[in-house]
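Peer 1: Chains as they are written, first to last, in the UniProt record's numbering: chain A, 1 to 232; chain B, 1 to 60.
Treat the hints loosely; a few may be bogus.
[To be verified] Straight-line Cα separation of at most 25 Å, PhoX-like style, residue types lysine-lysine; simulated pairs:
1. B:K39 x A:K159
2. A:K209 x B:K39
3. B:K28 x A:K159
4. A:K26 x B:K39
5. B:K39 x A:K99
6. B:K28 x A:K26
To be clear, the hints were calculated from the coordinates, so they are not data collected in a lab.
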Amino acid sequence: MRTLLIVSHPDIIESYSQQYFLNGIKDFSNITVHHLENLYPDWNIDVRKEQELLREHDRIIFQFPFYWYSSPPLLKHWQDVVLEEGVTHGPRGGILEGKEFGLVLMIGVSEKEYRAGGNEQFTISELTKPFQAMAGKTGMHYLPPFEIYQFVYTEDDRKMDILIPYWQMLTMENNDSLATRENWLMDLLEDVINTSEGTDEQNILEYAKNIIEENQSEIEDLKIVLNQMYHR
Amino acid sequence: MEQNAWIHEQLQHLFTNTDDYNRRTLIKAAQDLIREQEKRIYQMEGEIEGTIWSPKRWGE
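Isolated chain A, as found in the complex (with noise of 0.2 Å):
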């Protein structure tokens, strides 16, 4: 699965948040990373140029800082010109369809607020109801966005467990099963085995990405086990 990752940030080196996550996602060669103001600064956007990058690409993912209640101007007019009726979408399909579509959204505001009561008033799935309905109208399947809040209050300490669902957001099949984040975590340790070899490193991670794999088959049997109980 190859995914492109178009961000969008007026001012991406003085992000702190998005160089953080940018930074995290250099060792992936199948994450195309599309940062719209670097490219165009002078918002001419190339029409075609954009158009073939989706069509190579499985997952698109829209990567902003969440500016009142939307995204930074430059990526809404990316979807005015690049989303075009007859190519991208259309009664009769387009390069779109069958495709994921998913938001990883930077969020200065604390989660408590966005819910009736809080002082945003809405939800995160209200406020985003636009990119709900390109999805649908361009054919792509919706994926559970990936929504980052007050990242500069996050103790260093917790920064990798937002980073490692980050990774799956753009990288995994989307199902969070254990079976799943199990398969996807092997590869990922295989890639690593495979360009470290002969040193400590690589007899720990083979040896980890073994118990992984036997404990994987334990809960298979376990399973049957239990299914044979309950339907005996």
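Once you have looked at the hints, place chain B on chain A.
Peer 2: Showing chain B alone in chain A's frame:
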């Protein structure tokens, strides 16, 4: 389980001695996942035990 205790120790050692942040995150992901698997196994074994000893089964 003894085998798992050993791997936890080894992964923690690797985590502490790895400089690359993303590699350390991957090691942490492996630690977390193995812990989750252990918990799942423990819960399922408990469920099997509980079902075997259930009074509903005493009449069988």
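Peer 1: Next step is simple, just say for each hint if it's right about the structure.
Peer 2: Going down the list of hints, with the structure as the test:
Between K39 of chain B and K159 of chain A the CA atoms are separated by roughly 23 Å; this keeps the pair inside 25 Å, and the hint holds. A C-alpha spacing of about 17 Å is found between K209 of chain A and K39 of chain B, which places the hinted pair at or below 25 Å, so the restraint holds. For a cut-off of 25 Å, the pair hint linking K28 of chain B to K159 of chain A stands: about 11 Å separates their Cα positions. Restraint check for K26 of chain A and K39 of chain B: not satisfied, since their Cα atoms lie roughly 32 Å apart, outside the 25 Å limit.
Distance restraint check for K39 of chain B and K99 of chain A: the Cα-Cα separation of roughly 35 Å exceeds the 25 Å cut-off, and the hinted pair is therefore not satisfied. Restraint check: the Cα-Cα separation between K28 of chain B and K26 of chain A comes to about 18 Å, which is no more than 25 Å; the hinted pair holds.
Violation of the numbered hints given earlier is confined to hints 4, 5; the remaining hints are satisfied by the structure.
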